[in-house]
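Put together the whole structure using the sequences plus the hints.
So the sequence lines, in the order shown, correspond to chains A and B.
Here our numbering is used: the first residue of the first sequence is 873, the next is one more, and so on.
Here our numbering is used: the first residue of the second sequence is 77, the next is one more, and so on.
Since the hints were made in silico from the structure, they are not lab data.
Possibly wrong hints are sitting among the right ones.
Listed below are the simulated EDC-like cross-link pairs for lysine to aspartate or glutamate, each with C-alpha atoms no more than 16 Å apart in a straight line [said to hold, decoys possible]: (1) B:K125 with B:E84; (2) A:K1050 with A:E1026; (3) A:K1050 with A:D991; (4) A:K1050 with A:E1095; (5) A:K917 with B:E84; (6) A:K917 with B:D183.
Which residues of chain B face chain A? A few of them, derived with a C-beta cut under 10 Å, are [unchecked claim]: (7) M114; (8) L132; (9) S223.
For every residue, glycine included, the Cβ atom is placed at its ideal position computed from N, Cα and C.
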Amino acid sequence: MTVTREELAAFADGELPPERAQQIAQTVERDPELAQQLAAHRALKDRLAGHFAPIAQQPVPDRLSAMLTRETAPVSDIAAAREKRQARRRLPHWGWVAGPALAASLALAIFLPRGGVPDGYADAQLAGALDTQLVAEQPSGADTRILLSFQNREGDFCRAFSGASGSGIACRDTQGWKLEALGEGAAGARTEYRTAGADAGAIMARAQSMADGPALDAEAEAEARATGWQ
Amino acid sequence: MTLNPSFEQDLLALLPRLRRFAVGLCGNPADGDDLCQMSLERALANRDKWREGTRLDSWMYRIMRNLWIDEGRATTRRRETFVAEDAGLSVGGEGAQEAAVELSLVDRAMQQLPADQREAVLLVMVEGYGYREAAEIVGCPVGTLNSRLVRGRDALLTLLGEKA
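Now the structure itself:
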């Protein structure tokens, strides 16, 4: 009796009518090669089931279970979600090389003067955040988030920031926080998921090109704050 | 449209299994969870299309599988362009998890299967569906499902170094 590979698989998976299954069982008993194929099928099934079983045992990520208990911002597609995720993961790290295109896409601009602040310097509100917020300790809902701090080639302390009203890089000189680079505002991007998008990527690229050495770690940042960033 | 609160509860109970299927299709937990999220969005938006009394699990698997097929080409292209960048990233958190998964022989073998064989193998050999149910989820005849399963299985046995 001929047993096709499809039929043997169906037999192994319990998919055949009882009568046919019994015929095949008898054939397999007499045919070591078929018996071996059957064993291989079952071994693979066990291996795959065992390999993937732990995933179903893991706790479900909050962002998924939360969708069934409250509203959540949609992911438009996997590719876009991947980009956002990777941009977000990339931010705290210094070890990546930004493409020149990213840096070039960063719009250079100047803040309008207001409130007695010299032309091209951060206004009081932004300066306050730049003066006081540490990357490691800032509140998650802060209007302006400090992305990182570094020293430029002149030895000035610079800080890359991102917020609803704009993102950019400011460096501390004797007059205040001089705005060196500005990107587009993150207005409309309310969730953390989105703020770390291409704009933040461009800011980070620019920061890397300006920096003389690595980004400040938490300790160095706290020290710099203690000395007023000068 | 009548809101049925047990709809959410039933989905919640299904979620661990849905994640397993999603991770199996996508090949890593991060993409799998994104696929899961999209599938839940789609399901919640189309909840009035689910007929009570029919199997919610099959309906969900079908949604997920269709989204995955739709996304497939774009995602694969994107992955290729991101590999070089990823290689230079310091590994931590999510990255470490992905890297660990990528090292697995089974995962790499699964990723080499064509989409139709991969889903057939996952539905039958991992999710435990019968051929008829799996064929309904995929939307193909039972015989076709059977032969995809066999081709996928044989490819895996070769890739994993086990004789068929």
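Take the C-alpha atoms of A:K917 and B:E84, compute the straight-line distance between them, and say whether it is at most 16 Å.
Roughly 31 Å between the alpha carbons, so the hint for A:K917 and B:E84 is violated.
Between B:K125 and B:E84, is the straight-line Cα distance small enough, at 16 Å or below?
14 Å, holds
Keeping to a limit of 16 Å between CA atoms, is the pair of A:K1050 and A:E1026 held or broken?
Holds, at roughly 13 Å.
Do the numbers back the hint for B:L132, that is, is its least Cβ distance to chain A under 10 Å?
The hint is violated - B:L132 has no Cβ within 10 Å of chain A, the shortest such distance being about 12 Å.
With chain A as the partner, please determine if B:M114 meets the hint condition of a C-beta pair closer than 10 Å.
Status holds, d = 6 Å.
Hint consistency between A:K1050 and A:E1095 [alpha-carbon to alpha-carbon, up to 16 Å]:
20 Å, violated
Is A:K1050 close enough to A:D991, meaning Cα to Cα at most 16 Å?
9 Å, holds
Return the status of the interface hint for B:S223: holds when the least beta-carbon distance to chain A is below 10 Å, violated otherwise.
6 Å, holds
A:K917 and B:D183 were given as a pair; does the straight-line alpha-carbon distance stay at or below 16 Å?
Roughly 14 Å separates the two Cα atoms, so the pair holds.
Of the hints listed earlier, those the structure fails to meet are numbers 4, 5 and 8, in rising order.
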